[in-house]
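Asks: Chain by chain, the residues run as shown.
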Amino acid sequence: MDFRDSPAEAEFRARFRTWLADNNPGLPTSSTDDEYWARQAEWHTALFDAGFFGLSWPTRFGGHDLPTVFDVILDEELATAAAPPRPSLGYLVQGISHHGSDAIQDRFLPGLISGRDRWCQGFSEPDAGSDLASLRTTATRDGDEYVIEGHKVWTSYSDVADWCFLLARTDHDVAKHKGLSAFAVPMDQPAIEQRPLRMINGITTEFGQVLFDGARVPAASMIGEPGEGWRVAMTIVSHEREPGELGYVARYAKTVNELERIVRADPGAFRSDQREAVAWAAVQVEMLRRHVCRRLSERLDGVEHGPGGSIDKLLMTWVEQTVGAAALSVAGAQAVLDSDDTALKVYLYSRAQSVMGGTSQVQKNIVATRILGLPTA
Amino acid sequence: MDTRETPEQSELRRSARQLARELGPTTVDGLDDGARSARLATAVRDAGWLDLRADDGSGRPLASGVEAAIVAEVLGERVADVAFTGAVLAADFARRAGVNDDGSVAYSPSLTSVAVVSGSETTTALHSIDSTSDQAYLLVPRGDGYELASVPTGDRDDGADLTRSVRVIPVGTVVQEEERLLTRDALVAWEALGLALTSADLVGVMRGVLDVSVEYAKERKQFGVPVGSFQAVQHLLADAHCLMEGSASIALYASWAVDNLEPLAARAAGRTAKAYCARAARTVCETAVQVHGGIGNTWECMVHVYLRRALLSSQWFGDDSVQLHELSGERLGATVGLP
Chain L
54 MDFRDSPAEA EFRARFRTWL ADNNPGLPTS STDDEYWARQ AEWHTALFDA
104 GFFGLSWPTR FGGHDLPTVF DVILDEELAT AAAPPRPSLG YLVQGISHHG
154 SDAIQDRFLP GLISGRDRWC QGFSEPDAGS DLASLRTTAT RDGDEYVIEG
204 HKVWTSYSDV ADWCFLLART DHDVAKHKGL SAFAVPMDQP AIEQRPLRMI
254 NGITTEFGQV LFDGARVPAA SMIGEPGEGW RVAMTIVSHE REPGELGYVA
304 RYAKTVNELE RIVRADPGAF RSDQREAVAW AAVQVEMLRR HVCRRLSERL
354 DGVEHGPGGS IDKLLMTWVE QTVGAAALSV AGAQAVLDSD DTALKVYLYS
404 RAQSVMGGTS QVQKNIVATR ILGLPTA
Chain X
66 MDTRETPEQS ELRRSARQLA RELGPTTVDG LDDGARSARL ATAVRDAGWL
116 DLRADDGSGR PLASGVEAAI VAEVLGERVA DVAFTGAVLA ADFARRAGVN
166 DDGSVAYSPS LTSVAVVSGS ETTTALHSID STSDQAYLLV PRGDGYELAS
216 VPTGDRDDGA DLTRSVRVIP VGTVVQEEER LLTRDALVAW EALGLALTSA
266 DLVGVMRGVL DVSVEYAKER KQFGVPVGSF QAVQHLLADA HCLMEGSASI
316 ALYASWAVDN LEPLAARAAG RTAKAYCARA ARTVCETAVQ VHGGIGNTWE
366 CMVHVYLRRA LLSSQWFGDD SVQLHELSGE RLGATVGLP
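Residue numbers (our numbering), protein chains in the order written: chain L, 54 to 430; chain X, 66 to 404.
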């Protein structure tokens, strides 16, 4: 047992730290600013071109075939340097690599990993949130193509995406979980309409609604078999629930570092409860960091990814919301006197974490029934 | 980085689990079974676990903080009524001071560290926890560090924890100087071990009380169905399970840090773990009482044995409030101005 870097890990850390010193774009944290989303593609490409992105993914698709602990090192260094987090799209990579044919993988993974192609994820609908399998968007076969009709929502970065990882109903005559299929839909077509959503913290470039009105996708762009869509979606959402996959530890650590800097700069201006709110946020972030280390080490034994992702998602949610609360506490009145206040935005954004990627209530159902073995009603 | 247990550590966990399952208490009445608890004490001693932090002959401990934490956690799981953490901490303390006697430690009134006295007699009541020794170590300030001293441990008293002993060292006890020095660094490193082991005990208590509560929720029926089938109950237990898992991750790091980081960094890791584990354990044990309903509030239900053990382990080396206060001081600088 050793929490320290191996020689190869230490070499990687040093190399990345050196590179980052010259290449830190100085972007704001993603949760608070439209500028992050506007420049995320640049940051993705810069990381990829320097050999620091897709570390644990296959070499043939542009990755580096390294153990996942290298992502943890990268995240730690990003946090230390107050650099923006790495773009989180590991769950899409997992969905395509677990379910896509060789042809699909060859076609889509290199662009996804390099950042040359940008993707969004079309799962949720206005009437299909936690009950995702009841979704109503349809894909109807028409020759060599499918025709898409429907309405997706909470679609992050849809306005800048080249591709949509879309879940649609292809069979109405089977049980709701069995009639779904997944597609890579090109976004650049007139039958797709974008309607951005403004989040409660004011940012407009993250969330969107997407309307498909006769959009077309080649049948060859189906990911997995017809009817495999539900399993594809479960692969994606279960990976989406993992803090290690997402690299959010860096984002939380960056915020806590900033809060500590603010308090240290003027210690006499803060009450002990504010100081302790920051200390508690630091404790939570440290917990998540070590938890990710423990989870990734379990993988070395071949412990497969499973319902444990829901535990990680709940822990991550509590961390984000503790950090958000600490930001609000430190800001005090300033947070309500200025609608552009960063602490206000961090706090408001943190409330989404217990909804996105499956609500905390859904995660608790999974932990209770699939991990604790409690009976279903 | 590889945080997996070694095969030897996994084997230690397995054998400790087996021993605790066979000899630990299974009912509240069973706590009075002196023959059983004596067999447990003998087995723990014979396994060599009380010596895990004793001198290996070269000044180093026989085993790392990780091994000691594994045993502490497993004994917590079964609310084992046997001296372990207190004895291991005493052995580690003695080793750092360069003495080999079997002793215990006299804790400060707040229980946050070893007692420091400056006169020839104690001026407040002190306590020795979880030890069977008749002698307890404390410290006298000397220059930049401390000199070791000892007092006779007093009589056994009834503490809140039904599974571990508390002894009272009365006011006015004569302090015997031992002519051994302990540096500040050594004291800090010892505190790191104390924080790591009490955190590990809390992780065990959480796991144990959750196992009991999940089983109860599957068996206890109301409205014709197990209460564990209701989402309201499921979500309480799911929250508690996540708190236990997060605690296990942070406590593991603290136990590794004991022998691998500089004293101040190791103690900060211990404080971080303790802050999280103490807060989590309180919630988890309270959840367990709630899930057991009326029976959970009776003396005969085992759940309060876990809760009481968690209360002592939390206070021992300081609970979450103490740790957050100390951590904010270390990370943010001294308090100035506002209260």
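Simulated from the structure, these hints should not be mistaken for lab results. Only a predicted model underlies this, so the values are computations on that prediction, with no experimental measurement involved. The C-beta atom is built at its ideal place from N, Cα and C for all residues, glycine as well. Worth double-checking, as some hints may not be accurate.
[As the list claims (entries may be wrong)] Okay, the calculated bits of chain X under chain L, using three or more residues with CB under 8 Å as the criterion:
1) 222-232
2) 316-324
3) 336-349
Asks: Determine for every hint whether it applies to the structure shown.
Replies: Going through the hints against the structure:
1. 222-232: violated (count 0)
2. 316-324: holds (count 4)
3. 336-349: holds (count 3)
When each numbered hint is compared with the structure, a violation occurs for hint 1 only.
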